[in-house]
Amino acid sequence: MQNMIEIHTVSKSYWREKIEIPVLDNIDFRVAEGEFLALMGPSGSGKTTLLNMIAGIDRPSSGEVVVNGTAISKLSESQLARWRASNIGFIFQFYNLIPVLTAYENVELPLILTKLSKSERQQHVETVLAIVGLSDRMDHYPGQLSGGQEQRVAIARAIVTDPALLIADEPTGDLDKSSSEEIMTLMQRLNTEFRKTIVMVTHDPHIAEKAKVLRHLEKGVLLEA
Amino acid sequence: MRTPRLIVKNVFRRKLRACLTILGMAIAVAAFGLLRTVVSIWNTATQASATDRLIVRDAVSFIMPLPYAYLDKIQQVPGVKVVTFANWFGGTYRNKENFFARSAIDGATFFKVYRRYEVSKQEMADFMKEQDACIVGSALAKRYGFKLGDTITLKGDIYPGTWDFVLRGIYEPKSKSTDASQMFLHWRYLNERVKQVFPGREDQVGWFIAKIDNPANAGRIASSIDALFKNSSAETKTESEREFVKGFVTSASAIIDAMDYMSYVIVGIIMLVLANTMIMSARERTREYAVLKAIGFSAGRLTELILGESLFISIIGGALGIALTYPMVRSFQGMLPPGAFPGLSVGSRTLELASAAVIVVGIGAAVFPIQRVLSTRIADGVRFSG
Ligand SMILES: Nc1ncnc2c1ncn2[C@@H]1O[C@H](COP(=O)(O)OP(=O)(O)O)[C@@H](O)[C@H]1O
Ligand SMILES: [Mg+2]
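Residue numbers (the working numbering), protein chains in the order written: chain B, 1 to 225; chain R, 1 to 386.
Just so you know, the hints here were simulated from the structure itself, not pulled from any lab data.
C-beta: ideal position from N, C-alpha, C; glycine also.
FRET-style restraints, in silico, Cβ to Cβ:
hint: 1; chain 1: R; residue 1: F384; chain 2: B; residue 2: Q144; range: 23 to 29 angstroms
hint: 2; chain 1: R; residue 1: R283; chain 2: B; residue 2: Q122; range: 31 to 37 angstroms
hint: 3; chain 1: B; residue 1: K212; chain 2: R; residue 2: S385; range: 31 to 37 angstroms
hint: 4; chain 1: B; residue 1: P205; chain 2: R; residue 2: R13; range: 37 to 43 angstroms
hint: 5; chain 1: R; residue 1: A299; chain 2: B; residue 2: Q122; range: 24 to 30 angstroms
Given the sequences, and given the hints that come with them, work out the whole structure.
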């Protein structure tokens, strides 16, 4: 099987007033296509930073990141933006929906960037809203939805462009137990039924269990599987 | 959904704030429009005043009359084409509130020197035939419902008594800057009655107006006219109409300059107000903009969103403001004596300037928020909680 993600000796440091803060230290790993990886680790260990490298919203200090066959560390900002639009689906802890847009419009947002016609867009949006089980809520605003429903809208927004890779940073971090389980069931379905490669960060061992592979990050170093 | 819809939704996210900003924009643009209108009318009034007409008045004071006999002498000065003269009649029509300029003139020469009053040939002939005839401006005729053949009765003050004039002509102003609410009567008729009632006060005129062949010679011709009457009992002061008007307005022109300056200060202030609104919105939406960037929105797309929002507010407010300018100019004119600012209306130049100001404000106010949104790193923006 091909690799969806290849991380070659990636290090990342932040600089604060001329003091170097190392965050990631010589990370080297692969994620196969169709994988569902859970990344665990204590707070501040660099999980989010690593996800950002993979998703092309942050750049490594050294090393190379290849995702879906593209060496993304070499792309310019505008090339990266275009690349993200077609390759990555983002799922955040706090959903990050736009409060003045309906569920339907929030899901449609990434499609503004495509050349799809109005009816094609409508078809895509309705399809993914059906997948997340919110066909009957498309005219609701985020404020009128529960946390679990909001996250499902956010997932629909992440998959509406049919990206190969989903990046989820603590997707259940703000949800109660039953909503969390719903979300995990949905993520599993996206992985098995729709063949999405998923990299998910979580604190919760019960949540991590739902993934196929589990890796630990400690102080910027990836522990052996 | 398309970008414009998102822009509109964004604008009205904070309805009160959006409405107050739009209202502020409207008031500022209306104030700008009013100030520019007054400034531009002032400028046209000065520019419309001719350089090929010389005003000859008493050297001591404008209210002192000059002997009618000067007419022939001025006519003899080389470079002078036509000479005419005029005299304030004063008086009141019904009551003091009905203010309009009434001048006694020499019909045969006056309308040759002043081509800005258009009277039909027939009406002009009728006016010239009758000694107690008069001509009024179309605006004045409209205001009081005067029709040809009507008798207009004035109560004299400079020339006491009751005066009846028969309306024989109505003039149309040639341009907007011409006062269309004046009244003209025959000086000769006035003079005849003065001779009978106030012997000794006859054969006097208020001022002469000399049309000259070349504005470049105005200075030389003016000095030769004044030289004629040097050491006489009524020395003259001659200057071009433009200088005359300018001299009249020097004291006011400082105020006009201040209005000119202030109109741009207002634009600056409203730009800051709108910029403030836009910066607050951008700050509140730091996370959203970071998410949009993550999703793949390019710098151009984000610029479009923010600039669109800023321009939307400025254009809606600006359009409202421009619409407001008209009633504001009208009510401002209502506070002035009629005829004080002939042609006080919103000019196309003012509209152009106001529209340009609206666009500049919209773009200017978006600069900092755009800069902020584009320079925020996605990773930091998504973490942002504020
Ligand atoms: N923009 C930044 N500037 C400086 N330090 C940062 C920045 N972003 C993250 N860090 C630091 O990097 C470390 C790892 O952060 P993060 O990847 O968010 O960890 P995790 O997601 O595992 O909790 C933390 O110590 C954090 O303070
Ligand atoms: Mg994190």
